[in-house]
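Colleague: Just need the whole structure built from these sequences, with the hints factored in.
Spelled out from the first residue to the last, the chains are:
Protein chains: 2
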Amino acid sequence: MTELGDTMKASKAPAIARAAAVLRLLGKRGVPMGVQAIARELGLVPSTCLYVLRALVAEELVAFDADTKRYTLDAGVLTLARAWLRRDQFNDLAQAPLDRLAREFGITTLGVQVFGLDHIIVTAMSQSGQNFQLSTQVGSRFPALVSATGRCIAAFGNYPVSELEPRFEHLRWDEAPSWQEWLAQVEEARLSGVAVDAGHYIAGVTVIAAPVWKGGRDDTRRPGHALVAIGIGAALRSELPRLKEALKGAARSLGEQLEG
Amino acid sequence: MTELGDTMKASKAPAIARAAAVLRLLGKRGVPMGVQAIARELGLVPSTCLYVLRALVAEELVAFDADTKRYTLDAGVLTLARAWLRRDQFNDLAQAPLDRLAREFGITTLGVQVFGLDHIIVTAMSQSGQNFQLSTQVGSRFPALVSATGRCIAAFGNYPVSELEPRFEHLRWDEAPSWQEWLAQVEEARLSGVAVDAGHYIAGVTVIAAPVWKGGRDDTRRPGHALVAIGIGAALRSELPRLKEALKGAARSLGEQLEG
DNA sequence: GAATGTTATTCTGTATATTGAATGACGGAA
DNA sequence: TTCCGTCATTCAATATACAGAATAACATTC
Numbered sequence: 001m002t003e004l005g006d007t008m009k010a011s012k013a014p015a016i017a018r019a020a021a022v023l024r025l026l027g028k029r030g031v032p033m034g035v036q037a038i039a040r041e042l043g044l045v046p047s048t049c050l051y052v053l054r055a056l057v058a059e060e061l062v063a064f065d066a067d068t069k070r071y072t073l074d075a076g077v078l079t080l081a082r083a084w085l086r087r088d089q090f091n092d093l094a095q096a097p098l099d100r101l102a103r104e105f106g107i108t109t110l111g112v113q114v115f116g117l118d119h120i121i122v123t124a125m126s127q128s129g130q131n132f133q134l135s136t137q138v139g140s141r142f143p144a145l146v147s148a149t150g151r152c153i154a155a156f157g158n159y160p161v162s163e164l165e166p167r168f169e170h171l172r173w174d175e176a177p178s179w180q181e182w183l184a185q186v187e188e189a190r191l192s193g194v195a196v197d198a199g200h201y202i203a204g205v206t207v208i209a210a211p212v213w214k215g216g217r218d219d220t221r222r223p224g225h226a227l228v229a230i231g232i233g234a235a236l237r238s239e240l241p242r243l244k245e246a247l248k249g250a251a252r253s254l255g256e257q258l259e260g
Numbered sequence: 001m002t003e004l005g006d007t008m009k010a011s012k013a014p015a016i017a018r019a020a021a022v023l024r025l026l027g028k029r030g031v032p033m034g035v036q037a038i039a040r041e042l043g044l045v046p047s048t049c050l051y052v053l054r055a056l057v058a059e060e061l062v063a064f065d066a067d068t069k070r071y072t073l074d075a076g077v078l079t080l081a082r083a084w085l086r087r088d089q090f091n092d093l094a095q096a097p098l099d100r101l102a103r104e105f106g107i108t109t110l111g112v113q114v115f116g117l118d119h120i121i122v123t124a125m126s127q128s129g130q131n132f133q134l135s136t137q138v139g140s141r142f143p144a145l146v147s148a149t150g151r152c153i154a155a156f157g158n159y160p161v162s163e164l165e166p167r168f169e170h171l172r173w174d175e176a177p178s179w180q181e182w183l184a185q186v187e188e189a190r191l192s193g194v195a196v197d198a199g200h201y202i203a204g205v206t207v208i209a210a211p212v213w214k215g216g217r218d219d220t221r222r223p224g225h226a227l228v229a230i231g232i233g234a235a236l237r238s239e240l241p242r243l244k245e246a247l248k249g250a251a252r253s254l255g256e257q258l259e260g
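Top line first, the protein sequences correspond to chains G and L.
With this note's numbering, letter number 167 in the first sequence gets 167, and the count goes up by one each step, no holes.
With this note's numbering, letter number 240 in the second sequence gets 240, and the count goes up by one each step, no holes.
Quick caveat, the hints were computed from the structure, so don't treat them as lab data.
Keep in mind that the hints are not guaranteed to be accurate.
You can't tell identical chains apart in this list, so a pair holds if it fits in one copy or across any two.
Claimed, not checked - Straight-line Cα separation of at most 25 angstroms, BS3-like style, residue types lysine-lysine; simulated pairs:
#	residue 1	residue 2
1	K248	K214
2	K69	K12
3	K244	K214
4	K28	K69
5	K214	K69
6	K69	K248
7	K244	K69
8	K28	K248
9	K244	K12
10	K214	K12
11	K28	K244
12	K12	K248
Source: prediction; values computed, not measured.
Modeller: In structure tokens, the structure reads:
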């Protein structure tokens, strides 16, 4: 599409951009797809698409069913992911405090990695086993500015308002806040060091996020990660102040441990 | 290197083979690496390697530290893996019986995907929480012919002996069986429908593997998956016959459910 | 401070990956 | 059956990604 075209033309290895686009498409769709369908969707020439697919099959990143001539993701992607999980320092260090918080407060906690104003990816998760819990999966992507992490990124990223507003407009919420409300909440997050989403993103669910800076807090740089706590709003209310402090503390000490 | 050269020259999209090789290298090493080091290791020209890396960074599959000029895997690989896990039919269906077996026998169970005679990848795992357990991680790769899965693949894959022997020679075992012993064990697996490795691969540990055929057993095709049970040899002895039957049954019924 | 070994990066001609049209292969409709 | 549309795949011409040398930016060592 147009987005693919941009990343491709700039690069000196456009095949890689195409390959990544194919992998992501196959991941998103989930259903086995034929060459033509993939090519059409991505705006690729069918023959080129075929070569890309063949190369990916050779690498075991894509599986090919010779009978139906359909392609799907293959298990090779798992191997890469495992390697990443094993070596990511944030992930290693985050798991213990996330577990502790989840257990102590009976909530779900997440570690996320921030990709600018585009999106965040969940890289670690812990759930208190007791009863039902909201939960995502490791690897999930969310728009950067949504929910508590969104306010967190806005509050500590030093982005100009002109960059924030257009992105804000496109977000989906259960109970969307107004632009002015949101700005006020961002300002509050900046002052308190923790961002809160009280039922806006998902009705009845409170989300809290604290920024993590490599090597400790540094207001001149943008936080690369965040710790997130998710709980039922009603059940959380009395504990909220304590949880905010606990999350902020965990995020701070985690940041100080990062990068030696 | 030579292997990379082969897959590359055959392909009409060599950049993808290079990209995959870079990703795997970064995954294997775990440490951040510079352009030159990567290029040297893979037998690439530094400039080409640089372009590959830049493309991968643009796709968020590789992270670049501008200060140290070092590259590592990035979280994007996780997103792909998650997409794969969510829609792999074998994985979905395998988890429940794996959990059941793990709990009932107090062992670790695995679901694996077979890649010909090359290797297998662990795609699902279940551990009985009680005490210490041998365990791998989802995403791990093993040589195809090693341990119980190896005998399983040899027994049901209809491979000519001439293809098996050279690969067999290169395997690493705690207590390597002789070629003749191994062939006898393979034959036994063929007759009984389950393969057993009694302390050969890892001393003191018994591994059992049963083949899974899409759409039910079909001796004209090769099994694409297998269920594996891992337990301490001594603790398992009395239960072994029952476990073998249980694993075989689970593998059969799983195969029948696959592919609609 | 000069010299030497690194490193990452830019530059340029050419081998080649990409393209779009042509060819086959298939499946459903008439 | 024969037609038609759609599919995957091959092919030959050309735009371009790539290899290799040259450059630039470092550290380290003398």
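Colleague: Now tell me if each hint is right for this structure.
Modeller: The hints, checked one at a time:
Taking the shortest alpha-carbon separations for K248 and K214, only the intra-copy value of 14 angstroms comes in at or below 25 angstroms, while the best inter-copy value is 50 angstroms. For the homomeric pair K69 and K12, the shortest alpha-carbon distance between copies (19 angstroms) is at most 25 angstroms, but the shortest distance inside one copy (30 angstroms) is not. With identical chains, the CA atoms of K244 and K214 are at most 25 angstroms apart within one copy only, with a shortest distance of 20 angstroms there and 50 angstroms across copies. In this homomeric assembly, K28 and K69 come within 25 angstroms of each other (Cα to Cα) only inside a single copy, at 19 angstroms, whereas the closest approach across copies is 32 angstroms.
In this homomeric assembly, K214 and K69 come within 25 angstroms of each other (Cα to Cα) only across copies, at 17 angstroms, whereas the closest approach inside a single copy is 47 angstroms. Taking identical chains as interchangeable, the C-alpha atoms of K69 and K248 are never at most 25 angstroms apart, the minima being 52 angstroms within one chain and 31 angstroms between chains. Proximity of K244 to K69 under the C-alpha cut-off of 25 angstroms is found in neither arrangement, the shortest distances being 53 angstroms within a copy and 36 angstroms between copies. Proximity of K28 to K248 under the C-alpha cut-off of 25 angstroms is found in neither arrangement, the shortest distances being 34 angstroms within a copy and 34 angstroms between copies.
Taking the closest pair of Cα atoms, K244 and K12 never come within 25 angstroms of each other, the shortest separation being 46 angstroms inside a single copy and 54 angstroms across copies. With identical chains, the CA atoms of K214 and K12 are never at most 25 angstroms apart, being 32 angstroms at best within one copy and 42 angstroms at best between copies. For a Cα distance limit of 25 angstroms, the shortest separation of K28 from K244 qualifies neither inside one copy, at 35 angstroms, nor across copies, at 38 angstroms. In this homomeric assembly, K12 and K248 never come within 25 angstroms of each other (Cα to Cα): the closest approach is 43 angstroms inside a single copy and 51 angstroms across copies.
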